[in-house]
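Colleague: Protein chains in written order, with our numbering: chain A, 16 to 314; chain B, 263 to 794; chain C, 5 to 319; chain D, 93 to 414; chain E, 1013 to 1339.
In short, the hints are calculated from the structure, not lab data. From the three backbone atoms N, C-alpha and C, an ideal C-beta is built for every residue, glycine too. Fair warning: there could be bad hints in the mix.
[As the list claims (entries may be wrong)] Calculated cross-link-like contacts (lysine-lysine; reagent style DSBU-like; alpha-carbon spacing at most 35 Å):
#	chain 1	residue 1	chain 2	residue 2
1	D	Lys132	D	Lys185
2	E	Lys1075	A	Lys200
3	E	Lys1136	C	Lys126
4	E	Lys1075	C	Lys126
5	E	Lys1136	D	Lys388
6	E	Lys1279	D	Lys333
7	D	Lys101	D	Lys174
8	B	Lys596	B	Lys661
9	E	Lys1096	C	Lys126
10	B	Lys407	B	Lys440
11	B	Lys469	C	Lys184
12	B	Lys407	C	Lys56
13	B	Lys391	B	Lys735
14	B	Lys720	B	Lys735
[Said to hold, decoys possible] Derived contacts from chain C toward chain B, CB cut-off under 8 Å, selection only:
#	residue
15	Met42
16	Phe44
17	Gln50
18	Ser86
19	Lys87
20	Gly91
21	Arg97
22	Leu153
23	Ile155
24	Pro163
25	Gly169
26	Met171
27	Asn281
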Amino acid sequence: MSNTASITERERISPPSVAPGKGRIILNVLGGLSVVGKASLSYLVLIYLFVLVAPLFLAHSPTDTDPLSVTLPASGQHWLGTDELGRDELARIVSGGRITLMVGLAAMALAVVLGGLLGSIAGFFGGKTEYVIMRLVDMMLSIPSFFLILIEITSFGNSPPVVIVAVGFTYWPQMARIVHAEVMKWRDSSLVEAETTLGAGPWRILFRHVVPQTYSSIIVLATLGIGWAILAESGLSYLGLGIQPPLASWGNMLQQSQNYIWTAPVLAVYPGVFILLTVLSYSLLGEALRDVLDPKLKR
Amino acid sequence: GCSSNSGNNEPAASGGAASVPASESASAPAESEGVQDATITLATNADPNFNPWSPTGFVESEPITELLFDGLTAWGTDYQPIPALATDWTPSDDGLTWTINLRTDVKWSDGEPFTADDVVYTFNEIVLKKDLAAANSSNFVAVDKVVAVSPSQVQFVLKQAWSSLPNYLAWFAKILPKHIFEGQDPWNLTSFNKEKPVGTGSYVLTKYMAGQYVELERNPNYFGGTGDVAKVVFNIVPDINSQVAQLMSGSLSMITVEDPNLMDNLKSNPNLTVNEVSDNNYYWVALDQSQPRFQDVKLRQALLYAIDRESIIKGVLKGYGKVATGPINPMMEKFYNPNVQTYAYDPEKAKSLLEEAGYKLNSDGIMEKDGEPLEIDMPAGQYGTLVQASQLVQQYWQKIGVKVNLQVIDWNSYVQRVVSNRDYDATLCWWRAPVDPDILAYYHSNSAGTGNNIPGYKNPALDKLLEDGRKAKTEEERVKVYNDVQTMTAEELPYLYLWNPTIAVATQKNLIVPKTTFIVAEDHITEWKVLK
Amino acid sequence: MSRYLVVRVSQGLLTLLLVSILTFFLINLAPGGPSAIMNFQSTAEQREALTKQLGLDKPVVQRYAEWLGGAVQGDLGNSLDSKQPVGELLAERFPNTVILSAATLIFTLMIGIPLGVLAAVKRGSWIDRLITFMSTFGMAIPEFWLGILLIIFFAVIHPILPISGMMTAGSDFSLVDLIKHLALPMFTLSILMLPNIVRFTRSAMVDVISLDYVRTAKAKGLGAYRVFFQHALRNALVPIAAIVGLIVPILLGGSVVVENVFGWPGMGRLAVQAATNRDYTVVMGVTILVGAIVIVTNILTDLIYTVLDPRIRYE
Amino acid sequence: MSEMLLEVKGIKKYFPIKSGFLRRTTGHVKAVDGVSFQLKKGETLGIVGESGCGKSTTGRMIMRVLEPTEGSILFEGQDIAKMSPGSLRKLRKDFQMVFQDPYSSLNQKMTVRDLIAEPFRIHNQPLSHSEIDGAVCRLLETVGLRTGDRFRHPHEFSGGQRQRIVIARALALNPKLIVADEAVSALDVSIQSQILNLMVDLKREYNLSYIFISHNLAVVKHISDRVGVMYLGNMVELAPKQGLFAQPLHPYTEALLSAAPEPKRIERRERIILQGDVPSPANPPHGCPFHTRCPKAFDRCAMERPALKEVVPDHQVACFLY
Amino acid sequence: MGKKLMEIRDLKTYFQTKNALIRAVDGIDLDVEEGQIVCIVGESGSGKSVTSLSIMRLLPGPKGRITSGEVRFEGKDLSKLSEKEMDAVRGDRISMIFQEPMTALNPVMKVGKQIEEVLLRHRKVTKSEAKSKAIETLRFVGVPRAEHIVNEYPHQLSGGMRQRVMIAMAMVCEPRLLIADEPTTALDVTIQIQVLELMKKMRDERKTSIILITHDLGVVAEMADHVVVMYAGQVVESTGADAIFEKPMHPYTQALLASIPSLEEDKEVLYSIPGTVPSAGAFPKGCRFADRCSSAQPSCTEEMPELREVLPEHFVRCALVPNGGAA
Ligand SMILES: Nc1ncnc2c1ncn2[C@@H]1O[C@H](COP(=O)(O)OP(=O)(O)OP(=O)(O)O)[C@@H](O)[C@H]1O
Ligand SMILES: Nc1ncnc2c1ncn2[C@@H]1O[C@H](COP(=O)(O)OP(=O)(O)OP(=O)(O)O)[C@@H](O)[C@H]1O
Ligand SMILES: [Mg+2]
Ligand SMILES: [Mg+2]
Ligand code: NI
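Take the sequences, apply the hints, and build the full model.
Modeller: Quick look at the structure:
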């Protein structure tokens, strides 16, 4: 005789729900952000919109030089004044922002893909694969990133793709380490065992079940990493190794502005402040996401 | 020319050589009491190499070796060669031998006497040894060998007549001690090059902390007498902003400023004196003459008409510079020829010249000839203001429908690409040379491709003139030849001439130095006055 | 334990070997060449002679083999630029970098750990938020920019601190002088490092504070100081030691820029100079040395773990 | 109750002890040291024993999520211990596992529907979207969950409900054997009975066989037909539950039963309080693994290890007293 | 009936979280007599641990605080003491043992030191006196080789040993009250019985009162003098140990007893309580057990029943139980 009560009981659960779309989940996450997180996110959305849309409305081209109107102060004509070659500073900030933000994103995307892939494979399969990959990671980590970038850039030149690859390439080991650690936690978990007993193959288990568990750490790390990449590019520019003129980037604008630090210090202020705000926003957003996505996640 | 050095910052304490005071209104140094045994602090931007001929000694080393060593001649403040280790020099009639008498009262700082053997050794064993590839040694290709006639007399035996020899002997051509170098590899003698140089100069090295500073003290045995300055400390400061800051805060006594932006700023500082000086230096754009399209003089002229040099000088250089009309700097008043073809900014003229040359605007707004758009690859090296100047040129050319692909690359890669591989369409750089009209090295067909004739310009008529200039015996002859040279270069534009920059030497108010470039001033350090 | 060390060290050596291969081929395949050769005014003849002099006409693989052969015997070759033995150059610069890094590390640990503990203990309060925000702020400033701002401030507006070099030129060594020169670069570098330490301490402490044995300590009636510093911090030190291991490469990397800004005669400046001058042997030397330092710090931190945490034992 | 479903013969699992960074094997944890038993169709075998005695390891070897070091596991005559991963994967639908912590064995990022549909997808069953949905709903109903909740995520369910999800998933492929490792230990007392009842019902309905691993004697007694007692990697006693609980033969079983607290305020039989702790499986004692704590141990116990032998019909024990 | 050592009256401890106010402990009354073992049972989340933490004033951070009520211990209201005064009580007059012996001991401190620390804090003793006292106490709790064990770190000990060290630590100052929060849940049955025997010994030999928190009714039956059954932050039944097992009155207590399998008797089917415990953030208005209760009446969901003394010394929170019992 079966205790039907236990099988057929209808438990008290809030109203029947429909499948929540991915959008809902994202909205939930964003809604859960702290005030600082929301502010950072808004700033970032605005700055991206700004650098993407502003060129349509700007009166000046970022490359148009005018030797007779160099380092002008802000005016109705040039809202942020002009730079050392008489180019419109606002237009430079916009086009420099595009490059800088793109470098940050792309470098991080590279690091995420490469680090995530290698880290998760190492963490999941263990054994020799893990050993080889993690030794590689150790190696990369034992060259301070700046030295590595320095060498890469001097070796391959400093076109944007190279800068992106160089910066991304230095961040992947960090990514790999974290993902490796996160995935390794799951290696012997009952989740993996459960899927194995269902008959799922290792790759399916890894990519369908284990890797998604690490998304939140990856997102947080990537967010923090974008800020880092932006800073790294500007540091490279300081040494003359970053994105090169005539392309503008906030980093190389800052570097150029150094020569005018006595005469037109404001040239250093604009890109500096934008870098500061952007990196700050990414970091704060990363922190806020960390709180929402995974309160336990540590570095 | 430009020497490579570390970093991308404009070298501040750079070794410009030949310059004249820009303003003659030199308020004569007050005859007030100087400070005997003063210490002054100068700056250099990297670790020096004390061997003046070392291929790796550049602007960071020159201001130091200038004090440690002497050449046979030196610069007067009027940029004429004056006696240094040599007392006098005379050419033979055919111009193929120069006889030079040496001082007999000179001692090396280790006590050994200086003799003709040192001169012979320096030239025959170091400068003229092809395998060693000493810095600046290509200046002396005309020298066959140096012979000691007596301990106090040497003869320079030349391959061709070369009237400028005494000038070039003042241009970083320092004499090294044979007794130290004999039997040694001069570049690997680090005990000398990096630690304890032995020279005849007015100062001797007392302390060198790598990466930090170089300390020199007055050479008690110096033949040229003593001045106020007992001690010269070169601070190694790589960052130009730090140099400027240190000057402003008083911890540096003097720096060279090449950046026009800083000049007004420094001038308005009540604690500083700023001497504007012009440098024998001109900026140019080279167009690769191995490409037929650039061999068309109309194209070259059009490209020069398209650049508004006046505006650049006024706006970007803040007025610190002059439009260059040719290879000879106006500071060489005798040789300078102002009556040559000029190219005032005229984009319309530029366009019509291009049309004459067969170019037409295509649908993309780019000039095109025979279906080939006029597209120019322009590498720019990260050095000083080259990148900015190149960007300006790019913009001007684009205005007349010339597409310019600017590629900024680091200095070493740039040199490899432009100088070594000659892989460019156009490029912008500058030449800095001794104050002498002899420009053969930069224009002669023989140095196209491998030497300093960067654009690879070949013109037998010009070759002939340049050779004549070297052979000329009298000054009149030389003036005439070089006038012709300037007329020709202005018409032909082997290089597109941009401007002659004005530089400045900024010193603390209490330091009175001759109004010349840093390096020349150093030759006269015994005359410096340090006020209370 | 000693076997453990042997294995760690040999793994370190393997890592160094890989690093050297990577670096050597990257830098040697790079365009441009040693600045001796890449002199604008040199003629083709001079360049050729110099290439030969420097042995750069040999194939890269052969040169690597030669370099490795020397390196194994402790000879890192001579600088292509100054001709000085690379070992000597490093010996000259390394102590300076150590001074700067160690001072920064000590300074940041001294400031950062208490701040991190404070933030953790006051978790959720405004003090915590302020500390977290400030440290995030520190992470977002380009260090060279901060350096320049400091230079302007201290050089011109309030010229109380020297802004370049590590001692007053020409004067004899004095500790006060060194500390004065150290102040600005150390501060700049600290701003870069501090956030890492503060955050890490905070998160390590937060973890520990919520653990049962901290509650046990409170339940024993121990005072707050004993609970947080004797029980909690003592445990949090293990992860903090880990971050110190991780931070050393960041510190060395950060010092590249800071040393340039403040003219600090350390390895960072040497590295940048060498890289831009294509001074291959020096680049190799710096990379290997820095790699070795990182490896050694990692081994050291592992050993420190065993002191800090009796649970960790390496056989 | 006759057909043999599973036959475990002398399985062993030695975990290498890798010390520190060295990752060198410096010894072995003898987690399971030669365990044999049989399981008939429709039968429930309970396995009890103290923490670390190798219960889970045994269960996981049967599921082949751990490779046995030695021994064979015949499932319907096929040795799954030696099977290739490919052919094993196909066979897996016949034996499923229910874990102690339902929370960590479910992918938190997936909805319940996807979780339960997962086995169908893995085994490439040519089912349409709606067929899968139907199957999922049926399974949810079987385990007593509302079908309307299938779009929720596991964290929105209580512990007992999550365990039901796990069971539904295990049932999806109509398995013949379910290994339940501490399936109710993490649950509250009041929920525990729900799951136990459910498992009993399902067993009847689908003629399932269970291997039910638990340290809770009462629970094991409630659900099992036969019970095996493990100590330090060894099966020390194996008998039908009535016999075992009424007449424990092995001194360890005796002590275990007497130590188990009973929710009754009655006078109980004499307490046997064992001295000392369970030895480490990395360094098990020679001879009988229990002799170090055994109140009845004699010389021989320290010398050789007793084998499991049938002393009463169907009642096996590994002890020299018998 | 012995002397009252502690009286808790209407203790409420709430947690303020981002989304809700969690009423973890919602008006609890509890008396402990000298030398008595009081067991608190109840489901996970019913507020057992929070009750004990409230007594000790060890609630986590700014989130959780005692909203009202009093905790009278030896005449003082603990909830009103200053932090400093409370520190003097903790570890001395009242001490506590936690569930996980592994995590409750400081992993980087020698076991002996952790015990000595308590003595040094609360007693005027020298280090060496503290050490010998620590060894003595370890011997009392049955730790072999005590003089060696003091120099070991927790990870070198087995689970049972660790828990004994915890007990030694808790009793080294001979507290009047020991609060043990699930002290044996992590232990094996054969070890559990050792620890339980030890606690009995403490009570018998030192007259220590014990509050024993557990969810295992078997342990309750083994140990308790008095039993308090908690459900959803409230006490639903409170009486002597025998009465609970023989005449449980609250439907929840009854259901609980019916739903656990027993070694002694065979139940064909276990009774099972449907549904789950309501969440502490959203309790229903009326009886909190009403929606799982098989005998619930409509009125049950309307009004919260009082905790009534239906028989002498037998308190029940159920409107359906008449005074005098016999539900
Ligand atoms: N992956 C592993 N590596 C090393 N040792 C292991 C591993 N898994 C289990 N062990 C060890 O094997 C022994 C048996 O473990 P197992 O998990 O089978 O015990 P159990 O009886 O299930 O215990 P519990 O009741 O605590 O679940 C233990 O000593 C354990 O430490
Ligand atoms: N720090 C906290 N923040 C918020 N809520 C808490 C906190 N600690 C406990 N709670 C809540 O208080 C209620 C009572 O928890 P408590 O730990 O007292 O339960 P318990 O009876 O001890 O359960 P268990 O048997 O699982 O130990 C639970 O609903 C829990 O969610
Ligand atoms: Mg287990
Ligand atoms: Mg609890
Ligand atoms: Ni030059």
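Colleague: Does the CB of Gln50/C sit less than 8 Å away from some CB of chain B?
Modeller: holds (4 Å)
Colleague: Was the hint right that Phe44/C lines chain B, CB cutoff 8 Å?
Modeller: holds (5 Å)
Colleague: Just to be careful: measuring from the Cβ of Pro163/C to every Cβ in chain B, is the smallest value less than 8 Å?
Modeller: Where the cut-off is 8 Å and the nearest Cβ of chain B is about 4 Å from Pro163/C, the hint holds.
Colleague: Is the shortest C-beta separation between Leu153/C and chain B less than 8 Å?
Modeller: The hint is violated - Leu153/C has no Cβ within 8 Å of chain B, the shortest such distance being about 11 Å.
Colleague: Quick one, is the Met171/C hint okay against chain B at 8 Å, beta carbons?
Modeller: holds (6 Å)
Colleague: Lys101/D and Lys174/D: Cα distance at most 35 Å?
Modeller: Answer holds: Lys101/D to Lys174/D is near 13 Å, not above 35 Å.
Colleague: So if I understand the rule, the pair passes when the alpha-carbon distance is 35 Å or less; does Lys1136/E with Lys126/C pass?
Modeller: holds (32 Å)
Colleague: Check the hint pairing Lys407/B with Lys440/B against an upper bound of 35 Å on the C-alpha distance.
Modeller: holds (16 Å)
Colleague: Compare the distance between the alpha carbons of Lys132/D and Lys185/D with 35 Å, and conclude whether the hinted pair is satisfied.
Modeller: holds (18 Å)
Colleague: Min Cβ distance, Gly169/C to chain B: is it shorter than 8 Å?
Modeller: holds (5 Å)
Colleague: For the hint on Asn281/C, does the least C-beta distance to chain B fall short of 8 Å?
Modeller: holds (6 Å)
Colleague: If you draw a straight line from the CA of Lys1096/E to the CA of Lys126/C, is it 35 Å or shorter?
Modeller: holds (19 Å)
Of the numbered hints given earlier, the model fails hints 5, 8, 20 and 22; all others are met.
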